[in-house]
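Participant: Listed below, chain by chain, are the residues.
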Amino acid sequence: NAGVTQTPKFQVLKTGQSMTLQCAQDMNHNSMYWYRQDPGMGLRLIYYSASEGTTDKGEVPNGYNVSRLNKREFSLRLESAAPSQTSVYFCASSERQGQAEAFFGQGTRLTVV
Amino acid sequence: GESVGLHLPTLSVQEGDNSIINCAYSNSASDYFIWYKQESGKGPQFIIDIRSNMDKRQGQRVTVLLNKTVKHLSLQIAATQPGDSAVYFCAENLRGGGSNYKLTFGKGTLLTVNP
Chain A
1 NAGVTQTPKF QVLKTGQSMT LQCAQDMNHN SMYWYRQDPG MGLRLIYYSA SEGTTDKGEV
61 PNGYNVSRLN KREFSLRLES AAPSQTSVYF CASSERQGQA EAFFGQGTRL TVV
Chain B
1 GESVGLHLPT LSVQEGDNSI INCAYSNSAS DYFIWYKQES GKGPQFIIDI RSNMDKRQGQ
61 RVTVLLNKTV KHLSLQIAAT QPGDSAVYFC AENLRGGGSN YKLTFGKGTL LTVNP
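Chains A and B are the protein sequences, given in the same order. Residue numbers for the first sequence follow my numbering, so the first one is 1 and each next one is one higher. Residue numbers for the second sequence follow my numbering, so the first one is 1 and each next one is one higher.
It should be emphasised that the hints constitute simulated quantities derived from the structure, not laboratory data. Keep in mind that the hints are not guaranteed to be accurate.
[As the list claims (entries may be wrong)] Pairwise CB distance ranges (calculated): (1) A/Val113 to B/Pro9: 23 to 31 Å; (2) B/Asn53 to A/Thr7: 15 to 23 Å; (3) B/Asp31 to A/Glu59: 13 to 21 Å.
[Said to hold, decoys possible] According to the in silico footprint, chain B covers these stretches of chain A (three or more CB under 8 Å from chain B): (4) 32-44; (5) 104-111.
Remember, predicted model here, so these are calculated numbers, not experimental data. Ideal placement from N, C-alpha and C gives every residue a C-beta, glycine not left out.
Please model the entire structure based on the sequences and the hints provided.
Facilitator: Written out as structure tokens, the structure is:
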């Protein structure tokens, strides 16, 4: 059981480039999330999808877009990368929103130069 | 600002001692809390959760206490082992728009276990 799988694991971008971070879960979960983690900042929610077909902004959505492609997949897109987006990105999923634990992927370490 | 925070950013204990990691939350309407453990280079891993209608919940070597009066959450680890060294996060289930909920994390506490 793979759980939550993120690709790529590492990425270096130049300022202004675009890229899409991929996330897939095999637990038949309804809700999916994208977080970023910066030193000393904990995890901050970028976007979430409560269920297939819906997406909502989290705490720090600026500069990002998301797509809930189907129940399994939730992608995060950076249209024009900036150095401030250098971070570790985590995708997570949970059975439902509300009182349910979230399972996390291994993360994508992104550096924007 | 963040509604979930931690009293201490670092905690150092001796192997075999008990560890207590604290967390404060500000939203009295939060109904669910989770503790996560994050080892270096890995994603957060679920440890234990507690609903707001409970004061205490026990797992294997871990206990979570919830004090709703002062909006305080703690994680107790018994007989701390070197493998417990990690960053520990508390997370709060906050209600977003409509019926949506969002899991919001505190900054984390780095636990170091000395042999």
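Participant: Taking beta carbons only, do three or more residues of the region 104-111 of chain A come closer than 8 Å to chain B?
Facilitator: Held - the region 104-111 of chain A has 4 residues with a Cβ nearer than 8 Å to chain B, which meets the minimum of three.
Participant: May I ask you to test the hint 15 to 23 Å on the CB atoms belonging to B/Asn53 and A/Thr7?
Facilitator: For A/Thr7 against B/Asn53, whose Cβ atoms are near 40 Å apart, the range 15 to 23 Å is violated.
Participant: Are A/Val113 and B/Pro9 spaced within 23 to 31 Å by their CB atoms?
Facilitator: holds (29 Å)
Participant: Taking the beta carbons of B/Asp31 and A/Glu59, is their distance inside 13 to 21 Å?
Facilitator: holds (19 Å)
Participant: Checking C-beta pairs, does the region 32-44 of chain A have three or more residues closer than 8 Å to chain B?
Facilitator: holds (count 7)
The structure is inconsistent with hint 2 alone, although it conforms to all the rest.
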